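Chemist: Hey, can you work out the whole structure from these sequences and the hints?
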Amino acid sequence: MTTTTRRNLFKLAGGAAFVAAAPAILTMPVRAAGNRRIAMIVKNLGNSYFDACANGAKQAAGEIGGIDIIYTASAKPTAEDQIAVIDAQIAQKVDGIIVSANDADALVPVGKKAAQRGIKVMSFDSAIAPAGRLVHLSASSTPLIGAKQVQMIAKTLGGKGEVAILSAASTMTNQNSWIEAMKEEWKKPEYKDMPLVATVYGDDQDDKSYREMQGLIKSHPNLKGVISPTTIGIRSGAKAIVDGDLVGKVFITGLGLPSEMKDYVLKGACDTFAIWNPVEYGYSSTFIMNDILNGKPTSEGSKLSMGKKGETTVGKDGECIMGEPFVFDKSNVEEFAKIF
Amino acid sequence: MNAPVTQESQDRYTVLDRPPWRLRDALLRWEVILVILLVLTVVVNSLVSDVFLDVYNLADATSNFSEMAIIALAMALLILVRDIDLSVAAIVALASMSIGYAAAAGWSPAMLFVVGIGVGLLCGAFNGALVTWFRLPSIVVTIGTMSLFRGLTQVILGDQALTKYPQPFLDLGQNYFIQMTETSVPWLFVPPVPLSFLIFLILAVVFGIVLHTTAVGRKLFAIGSNPIAARFSGIPVDRLRFFLFVLSGIMSGLAGALLTARLGSMRSNIAIGWELDIVTMVILGGVSIAGGVGSILGVFLAVLVLGLVRFGMSINNIPGQVVSVYIGALLIAVISIPRIFEKLRGWRAGR
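Taken in sequence, the protein lines are chains A and B.
Residue 1 is where the first sequence starts when you use the working numbering, and the numbers rise one by one after that.
Residue 1 is where the second sequence starts when you use the working numbering, and the numbers rise one by one after that.
Hints are all accurate, no fakes.
Chain B side only, calculated, beta carbon under 10 Å to chain A, not exhaustive:
hint, residue
1, D54
2, A61
3, R262
4, L263
5, G320
Calculated from the structure, these hints are not laboratory results.
Predicted model only: the values in this text are computed from it and were never measured.
Each residue gets a CB set at the ideal place from its N, CA and C atoms; glycine is no exception.
Modeler: Shown next, in the form of structure tokens:
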């Protein structure tokens, strides 16, 4: 009996060991020899926004050729888990790492370690502090975001009619700086027939934004357009237009998410809205990383390629800007609503 | 089951205080299964990836699990005496936050460690007091304090991060404590060792000695096997349990200090979910959740198995969720081996 049981035990242990080894066996790395490897490490997995970024990165890799994209992230969006993932990429000696950081400062040491071992590090979407990376690609800049929203409503209204702003809370730094940028754009002569009549605050709450929108329509009977530089404001404002039977009389625009705005665009309450396009974001980041790997300088004032998106100029602290926000309308909102 | 004992040890004047050594018993030991697993993990990973057996990569891999492993040592003792501490990760967060504020106030690196360990000690004493004075089940108490401690950090910090630490403190967490030293012999070298892994190694030896060779260790096994009998035998059950909760808090505080030094930044989500990873290490290490069974060697081996499996899978770019699924499956598979074995034996004997 002793021998039988011992044999059983060995069998079981062997089985367990095989189970232990299986995933490693199944995923023998398949990569073309000599290809450059770029790791795109995002905040966490299971996020369709980042999946879209990775698709853009793969598109860019296809255009450039000779590049493999490794798209990965930790299961939890914490700094310590992300560090473990970056460590694993450093261990594989990838050529470049593109990160959307869970914590700007916590990733500095691991970024420095990568640099010491000859790996180029850049961030996109959410920055690593300057000491831990070469460049950071921002989706857009305050002046571009502000100007784009004024241009969108001017296009919808043909440059004529009263316009109001429905913002988030009056204390929100982002929204306030965008409104400043809008007012800057508004000074141009082409907007002289399109006065800004009011700025109201919906505090980024759906019900308050909805009521503020109704209030705007009541107090300004000639109101033609509303700009809402917040995803919650624009969706609540659009709902108020649809519910109030004002489609075609009042239009809303601003910064919104395709998945939330799709219905309102199709109904006509919103002609166009904008936000950055994650596919382009991943695409541009990959082109920039390719330039860095080719030895292009990343000092202030250098130019880096973003493929079809043109060029970007490296600013202070390695900050780069991708471009103006991407505009969504009837033609593309359904496609992007599936992504984010 | 009374196998004949060999002639030498069966001297009629010798009283046996432990059963004689037999190969079968040795092979049946949990630790042997873990060693097989560990060897297989290393062999398979080094076959699949040419970067696995790189001393720097392995050193980096250890730094990603050593803080957890330090807490696992204390958790092993708690589970051994039928208790559990689910608030450990929240204690890490609270200790880390205190360190962050102390660092901002200009305290020295040594004092930052004292602050972390002190906060951990207080949290552990709070848990221990609730469990032993009020006779509340430890799982209930520590689920409560888990929310309490984590909630405190969330309320105080919001979405802010604490990022100002003295450079010597950061160096402790971010540089190798022992540098790579090569000798003239190619295979003879001192590997780079991060501070957290070194502390884990030392503590593992200390915990192993205390648990397996001292009277205190025997008492812990006695409590785990039968707390009521242990109390009637004059063992200060509640005092020891209280002390174990304090110990768990101290280890969590120490881990919090090491983690803060490694990250150089602290948010309220620091170490979130660690309690379950730590319990996984302990259970895989063969410590029985029913109490009274377990060894520090087993926990040590389980820490290495889990750490290297995670590292091995991540250098093959297997997504984090798949790693979690796999580790869950591994845990269930390894735990059920002895049970399947028992059933088989019972079935054979019955026939």
